[in-house]
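Colleague: If you read the sequences in order, they're chains A and B. Just so we're aligned, residue 5 is where the first sequence starts under our numbering, counting upward by one. Just so we're aligned, residue 30 is where the second sequence starts under our numbering, counting upward by one.
Any given hint might turn out to be false.
[Unchecked claim] Which bits of chain A does chain B cover? Going by a derived footprint, with three or more residues having C-beta under 8 Å, they are:
| id | stretch |
| --- | --- |
| 1 | 114-124 |
| 2 | 132-145 |
[As the list claims (entries may be wrong)] Covered by chain A, per the in silico footprint, the following chain B stretches (three or more residues, Cβ under 8 Å):
| id | stretch |
| --- | --- |
| 3 | 92-106 |
| 4 | 157-163 |
| 5 | 215-229 |
| 6 | 279-292 |
For the record, the hints were derived by calculation from the structure and aren't laboratory data. Here a beta-carbon is modelled for each residue, glycine too, at the ideal position from N, C-alpha and C.
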Amino acid sequence: MDRAYKVYSIQNGTVIDHIPTPLALKVISILGLGNEGIMTIGIGFRSKKYPAGKDIVKVENHELSHDETDMIALIAPDATINIIKDGKVFEKRQISLPSEVKGILSCPNPNCATNKLGAEKHFFLEDKKCVTYRCKYCERATVIEADLLSSN
Amino acid sequence: MVSFKNKSVISIRDMTMDDLIKIVDTTGFVKESNPPDFMKDKTVATLFFEPSTRTRLSFESAVLKSGGSVFGIANPGSSSQSKGESFADSIRTVAGYCNVMVIRHPVEGASRMASELSDTPVINAGDGANQHPTQTFLDLFTIKEILGTLDGLKIGIVGDLKYGRTVHSLTHALTLFGAELTFISPPALGMPEHMLNELDERKIHYRNMEDLEDAGKRNLDILYVTRIQKERFGDPQEYEKVAGSYRITGETIETLGKDIKIMHPLPRVDEIAEEVDSLPNALYFTQAHNGIPTRQALLGLVTGGLD
Chain A
5 MDRAYKVYSI QNGTVIDHIP TPLALKVISI LGLGNEGIMT IGIGFRSKKY
55 PAGKDIVKVE NHELSHDETD MIALIAPDAT INIIKDGKVF EKRQISLPSE
105 VKGILSCPNP NCATNKLGAE KHFFLEDKKC VTYRCKYCER ATVIEADLLS
155 SN
Chain B
30 MVSFKNKSVI SIRDMTMDDL IKIVDTTGFV KESNPPDFMK DKTVATLFFE
80 PSTRTRLSFE SAVLKSGGSV FGIANPGSSS QSKGESFADS IRTVAGYCNV
130 MVIRHPVEGA SRMASELSDT PVINAGDGAN QHPTQTFLDL FTIKEILGTL
180 DGLKIGIVGD LKYGRTVHSL THALTLFGAE LTFISPPALG MPEHMLNELD
230 ERKIHYRNME DLEDAGKRNL DILYVTRIQK ERFGDPQEYE KVAGSYRITG
280 ETIETLGKDI KIMHPLPRVD EIAEEVDSLP NALYFTQAHN GIPTRQALLG
330 LVTGGLD
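Just chain A, with the same shape it has in the complex (with noise of 0.2 Å):
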């Protein structure tokens, strides 16, 4: 039998929409988010826009800020923010990749001080379209790759 609503929608919030699967829960994890209240997340529907299916996540009650979003732009630049009030929408949001990430993405270097010594993790935007940021620490630039990315 079909479901009335795949994903049931929300009142108030952020729902980032066109995320490539599987990526969704990558997407929660670098934005830290896990006691911001009801979060409803939808993996593999069908999508025109990637063969591979995309993702959902509806996060209730919370208003993610610029900032959040565009972290987003690492993995998903694609993604499409909206922003929801009393049941509409009241932004719609573009993002763009983060001009400096700190804490989030591992520098591959073994030998950074990051990973030898505890410096926190501090990236620097250098390219836009390789999404390419550079370590300030050990200085080697690096392509974004998901698996760099975590909240901790």
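Keeping the supplied structure of chain A fixed, place chain B upon it in accordance with the hints.
Modeller: Leaving out everything else, chain B in the frame of chain A:
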């Protein structure tokens, strides 16, 4: 970085062309005028978490010649890190004992991390394979001193371009002055891709080549030679063959052009034949001696004794 006073000096990446010119010019002033005691009442800690004789002694000599005092650790075994103290705690402690910390560490980014742990300025004396800015300052000063300019030179860099931090720092600096660069190395020790990508992005003219003789056609002003280390090769015979093909002799200089200047960060093993030492082309001992006024100038700028 308009003024160097109380600022850390970590990487060539943080510097503008004007910053580099300021250091080169101040080095020239120190070498010519030998200003007295501008480090009086200043104490410098040299913290070498990785053994180095040349860089450490040249910093210590620079402090003493400028009237300052110096203390430090020469190897990690003599520090409390060997008792399990964290790097951060060691730095926070020593920062209270001195006016400047000169740090060499095998981990990339250690000096930058140290510079964020206290208000005491840090001078990076080498961090893993990343940066060695003071070597670059003395290289630039030597080039300016001998050729009279830093602008638009044709510079070849030969040897281990993959692992050499000296080469990476120097390459960054030279690109600020519009140098035309030629990289000469065995393919396995070529300039890392991340460096080449950066040069491409900045639209810097460079060429990679494997054969040293081909560099003769490039009409180079300077050939900067670095050591190819034995441990990079599994097979000793292969090492001998490769290293031999990059050895600089009197004959090589004939091929490259009689006016070419040969530089080397030292220590040299056998990549430059001793017969080259007495030729007017050899700059490497001048270069090594320039390490003292260069580090005096930098320490003077950072402590405010020179402006």
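Colleague: For every hint, state whether the structure bears it out.
Modeller: Right, here's what the structure says about each hint:
1. 114-124: Contact hint for the stretch 114-124 of chain A vs chain B: holds, 8 residues under 8 Å.
2. 132-145: holds (count 7)
3. 92-106: violated (count 0)
4. 157-163: holds (count 4)
5. 215-229: holds (count 3)
6. 279-292: The restraint on the stretch 279-292 of chain B is violated, since only 0 of its residues have a Cβ under 8 Å from chain A and three are required.
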